[in-house]
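Asker: Based on these hints, arrange chains B, C and D on the given structure of chain A.
Respectively, the protein sequence lines represent chains A, B, C and D. Heads up: the first sequence is residues 1 to 365, going by this note's numbering. Heads up: the second sequence is residues 1001 to 1365, going by this note's numbering. Heads up: the third sequence is residues 2001 to 2365, going by this note's numbering. Heads up: the fourth sequence is residues 3001 to 3365, going by this note's numbering.
Calculated from the structure, these hints are not laboratory results. All clues stand as given, with none of them false.
So the derived label-pair ranges between C-beta atoms look like this: (1) B/MET1198 with A/GLU168: 33 to 43 Å; (2) D/PHE3265 with C/VAL2151: 43 to 53 Å; (3) D/GLY3323 with A/SER53: 48 to 58 Å; (4) D/GLY3051 with C/PHE2265: 31 to 41 Å; (5) B/ARG1361 with D/THR3270: 17 to 27 Å; (6) A/GLU168 with C/GLY2149: 54 to 64 Å; (7) B/GLU1358 with C/GLU2039: 53 to 63 Å.
Calculated pairs, DSS-like style, for lysine-lysine (alpha carbon to alpha carbon, straight line, at most 25 Å): (8) B/LYS1251 with A/LYS199; (9) B/LYS1362 with D/LYS3362; (10) D/LYS3251 with C/LYS2178; (11) C/LYS2251 with D/LYS3251; (12) D/LYS3199 with D/LYS3178; (13) C/LYS2178 with C/LYS2199; (14) B/LYS1178 with A/LYS251; (15) C/LYS2362 with A/LYS362; (16) C/LYS2251 with D/LYS3178; (17) B/LYS1251 with A/LYS178; (18) C/LYS2251 with D/LYS3199; (19) D/LYS3178 with D/LYS3049; (20) B/LYS1199 with A/LYS251; (21) D/LYS3251 with C/LYS2199; (22) B/LYS1251 with A/LYS251; (23) B/LYS1251 with B/LYS1274.
Nothing here was measured: the structure is a model prediction, and the numbers come from that model. Glycine included, each C-beta is placed from N, C-alpha and C at the ideal position.
In case you want the letters, here they are:
Number of protein chains: 4
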Amino acid sequence: MSGSTFGNRFRITTWGESHGAAIGAVIDGCPAGLPLEAEDIQAFLDRRKPGQSRFTTKRQESDQVEILSGTFEGRTTGTSISLLVRNQDQRSRDYGNIASVYRPGHADYTYTQKYGFRDYRGGGRSSGRETIGRVAGGAVASHILRELGVVLTTYAKAVGPVEVPEEEYRFEEIFQNKLYMPSNQRAAEASSYLEAMMKNLDSCGGVIECRVAGLPAGIGEPVFEKLDACLGKALLSIGAVKAVEFGDGIKAARLNGSQNNDAFFMENGTVKKKTNHAGGILGGMSDGDTLVMRASVKPTPSIAQPQQTVTENGEDTELVIHGRHDPIIVPRAVVVVESMAALTLVDLLLQNMGSRMEHLRKLYL
Amino acid sequence: MSGSTFGNRFRITTWGESHGAAIGAVIDGCPAGLPLEAEDIQAFLDRRKPGQSRFTTKRQESDQVEILSGTFEGRTTGTSISLLVRNQDQRSRDYGNIASVYRPGHADYTYTQKYGFRDYRGGGRSSGRETIGRVAGGAVASHILRELGVVLTTYAKAVGPVEVPEEEYRFEEIFQNKLYMPSNQRAAEASSYLEAMMKNLDSCGGVIECRVAGLPAGIGEPVFEKLDACLGKALLSIGAVKAVEFGDGIKAARLNGSQNNDAFFMENGTVKKKTNHAGGILGGMSDGDTLVMRASVKPTPSIAQPQQTVTENGEDTELVIHGRHDPIIVPRAVVVVESMAALTLVDLLLQNMGSRMEHLRKLYL
Amino acid sequence: MSGSTFGNRFRITTWGESHGAAIGAVIDGCPAGLPLEAEDIQAFLDRRKPGQSRFTTKRQESDQVEILSGTFEGRTTGTSISLLVRNQDQRSRDYGNIASVYRPGHADYTYTQKYGFRDYRGGGRSSGRETIGRVAGGAVASHILRELGVVLTTYAKAVGPVEVPEEEYRFEEIFQNKLYMPSNQRAAEASSYLEAMMKNLDSCGGVIECRVAGLPAGIGEPVFEKLDACLGKALLSIGAVKAVEFGDGIKAARLNGSQNNDAFFMENGTVKKKTNHAGGILGGMSDGDTLVMRASVKPTPSIAQPQQTVTENGEDTELVIHGRHDPIIVPRAVVVVESMAALTLVDLLLQNMGSRMEHLRKLYL
Amino acid sequence: MSGSTFGNRFRITTWGESHGAAIGAVIDGCPAGLPLEAEDIQAFLDRRKPGQSRFTTKRQESDQVEILSGTFEGRTTGTSISLLVRNQDQRSRDYGNIASVYRPGHADYTYTQKYGFRDYRGGGRSSGRETIGRVAGGAVASHILRELGVVLTTYAKAVGPVEVPEEEYRFEEIFQNKLYMPSNQRAAEASSYLEAMMKNLDSCGGVIECRVAGLPAGIGEPVFEKLDACLGKALLSIGAVKAVEFGDGIKAARLNGSQNNDAFFMENGTVKKKTNHAGGILGGMSDGDTLVMRASVKPTPSIAQPQQTVTENGEDTELVIHGRHDPIIVPRAVVVVESMAALTLVDLLLQNMGSRMEHLRKLYL
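Isolated chain A (complex conformation):
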């Protein structure tokens, strides 16, 4: 399989390079009859747009999306949906030594090893701008989920060393600060941390958490297409993500079974869990409880400090990266994580439709 397609029943295929003519996505398998306008998608793209705060690249891109196919009179037709975003900022410039040097922490070296050469303009396909296609597709997926009562909430759980503990979580504050943290106070702390860090010409990472409410139980396919396996792949496919956790995640490895098991009990005739260490997933399927996943994001590799590296010709050299780079990508990556989660969930909801003979009878008899 080629790497630019994600999903089985609900599929997104993305394309485009950082400094190419445009970036886009084709969505296939979208159910017919979904109300869909460009604005629905634009709202998502605006959450990842550069220039939202002093902590993001100054690159000026309006990233306006155009729907080229798959809708008619404001509704999806069931056929493939093509989404296009033109790159405005593609002025040819002198890439200087970037063109002939491998930037540490970037894909320059590995792409060259794989393909024999590379598109050195801003990282080409390995650039963060590739995520525009994901977010455009994620917007459509979220739209479907909303119609089914499935709601995703995503935010920056931590920025560098500054973390929002569970007890300080404030849903309503997520969109009140530029860092999308669920605590304005922690966001302020994080901002000062970022200021200092930027003075050192350095960058940092963080943690993005996504919670999903309203997902029916039983979503996910045994044994290799488990809900957590699919979501994990989705999140790990985002450039800077180095770890993924579900529920208690790595902490679960230190717990005992008596602590980690979530006891079931009845409440108003429905099955509930007293705790949610499992993060809403049992045996690779949703258990009806809130889904909780986290992605650890590494610091932006592009920093202005001098770095040791090598040239394509195999000579040691020192590199200083100039130009516009996010000191932290976490705030802009929040909507990317939400998009990948949404794409995965719609795909699995569609796959699950044929899980019982009674579902087929309901639809075909």
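Answerer: Same frame as chain A, but now just chains B, C and D:
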């Protein structure tokens, strides 16, 4: 897509339930001409076999594998390879309340929600015995990797709270203790911890780490089939895994770019990295350095302590699980992690073959 | 993708060689709650079993199927179903020059070119016995279709030069003659033709037709997964099939639009077609009318006449094939065609479930 | 799987409607280092462009292609290639009763049944303009094949009742007549036939044949991904194709084994076949001989004669279709057939690369 198939170019399809007649796997896409005998596979299966130590279930299963197709005169023919392991221990027994009660931490509830009913015999398809098929397939994949000079080393990095710090890592000791820890001393500590824990009728989890040496650079497909995304899905598809990390993993989120970037330098004409925070992966492709991945395993949900839960009829109840259960699955899961990693790597090595026109010319002209 | 898996949402993976230990199939994606016993599958296998008439190989095989997984208390559980058929007739024998010579019309040469060597025992994986796995899977698919009111009727439309014209079609006679022809009189003619042909140590082909009634309209996905495209691939994947037609098939190429278009009209409030030149398919989707497809089967390549060929060492030679071979495979291939059609239809019925938002709402809200 | 993606290792995803903003394709899995300019693709598109002769629609479309991604400095980079063709002729017009009536022979009825409504503007996604994406992708595939010495020749074997017998085949004349027939004399006959037919406000079909030279032996995967099965699906996915044949095709069903088997013999140290009844395919793999396949194309359903049909509201009515329609699509469909064949062959050539361990050793050791 259905969930029992893993891989694209190199595929494994597994089947079988805990108390069914047998468990097996079909491998498709295995290159022709690979020397393969049942012993090659048996060696892997023996690493996950029950009854190896007092920390694993007493269930007696020899788990003998039979090759039913795909080989001729000791070599693979290029056609699908069918592997079969008969279940010996399937004596019909009274499953007591297990049949009508949802065990906390297990898939009983979610399978029932998905399918309308479930095979309650020992968890059916959601049982750990399902991994026999993975390990059988992983043995074949490892066999291929060895021929290409790619070597996997997998071990228990942590058992409950007892962890082996990097500086105490001893490769040669991994197979010298029943817990497959790379430190006999830490293994001894872990054993005493397990003894105490078992007295409390409790269970625990741990961390499994896998290192891959000899992998060429450039393996992994942009953008959704990244090496880490595929490996992450592979590991997260293992029942009890709640988190996956690559290189520094979650620690990377707290580092600065200047700390996390691995500087390149030349050594005897080849590109090297001074450090390996990235865990051998840049931009979703192998960078030629050692691959490092970790899976956090939750504690075994089956414990003998009384637990609160509900019945299929929606009544609150208390459950006491009897019978044979691993107080910790980490030691037996080590080879499962290695198998899933091997399956993923062979699949991506095959997919990578067509990455350059020069490769096609070399093969077809 | 590897070649031994068929289908996307409803998948079958087959394995096994002519003279290996066994042959089998794994079905994944089968909805839960389908009543399924070994007899349901055996009935299908018996239709392709050798030794049914003097026109089929004398090879003695009872081809008894065993269900190894995926069912519990007589119903499918939703997990992968493993089906096994042991090969009884695998006595090692002297394959004589077959082992070192390329049989005309067989896969000996092409398999050797692809893999570097081949399993020469009775054709190995390229043997007609491979279809046992397809038929076992097809039986399960047909079972699902029957529950949805979709009924397949398959028969030998022609045996060599003897064809059953539409006006002579007798449904009830299909199972009254050993050739599965819908006309006992034509079957008698065909039998005499076969007798004469066998005297000449020759073989012949024929045409198999399949009609599907009760298929809802709208099944099939635009643009590459069209109903006819998927069915065509399914039928052409059967060893000896050299052509596939839908409705008027090749005759349509000579018709005018005014002759070929099927006029719509209303009947008791439902849309009907006056004719069915289209064979029940418009724009790659079922139109609610009877599906009509035909497969042209080439003559059995194994004949007892001396044939010119070459050895693996590149020497010209003359070959005389001894032993048991079907002078015509059409009668036994009838159920193989029906099986492949059934597998395709179930796959597309499942894929179609998510075609409308209203279907998702019906199932999830 | 969704229907707008074709191929596994070499993939094309198409999108776009007849009267939407644009039509396009995304190619993924294209090897890096292939020289590729827009002109290479334009040359293919021009072969299907409307208005080439008086036998094709008068619709004016220049169908200029734009490469939006996947190339750098005139070579493919290995990442997804996005191709875009703007629709010029999308003037909103009164579609009259077309909007509320089901055209016989078209997908109007089936799309409405599947999705609950349809894009009635010129057939939307089911329009022949959808093939622009296929042809753009096919141009890239053909480009790869040429580099490997694989050459496709495609032409109109028959137009309505006028067929070019094998003995009259003239390769050099294919591009000398507007009908792409390999015989100028038969093309002249066909032209007069078409003139007469057009006077009757009627349409007709024909047969397209494709020959492939230079394909190595062993291409195609057992058992479901056979070369003929994959090619058959590719051709049958083209709107108007009702039958597909390989080699002798349907004639093979009437031959005897002694006539149909192609004898092998040695010529200058290589294995040859005395005849090619098999059409270059044995056991689902290429045998090194010329590949021969044929597609039977139905007559254009859009005719100006009054036709009986029904409205979306279920009333019988009479329909007269006005406007620009091809009386025959065969000439323009020639390049579509060639494109689908090329896409299939590249996909299988890439899949075949991992068929032997020695191939992996050659590439990785």
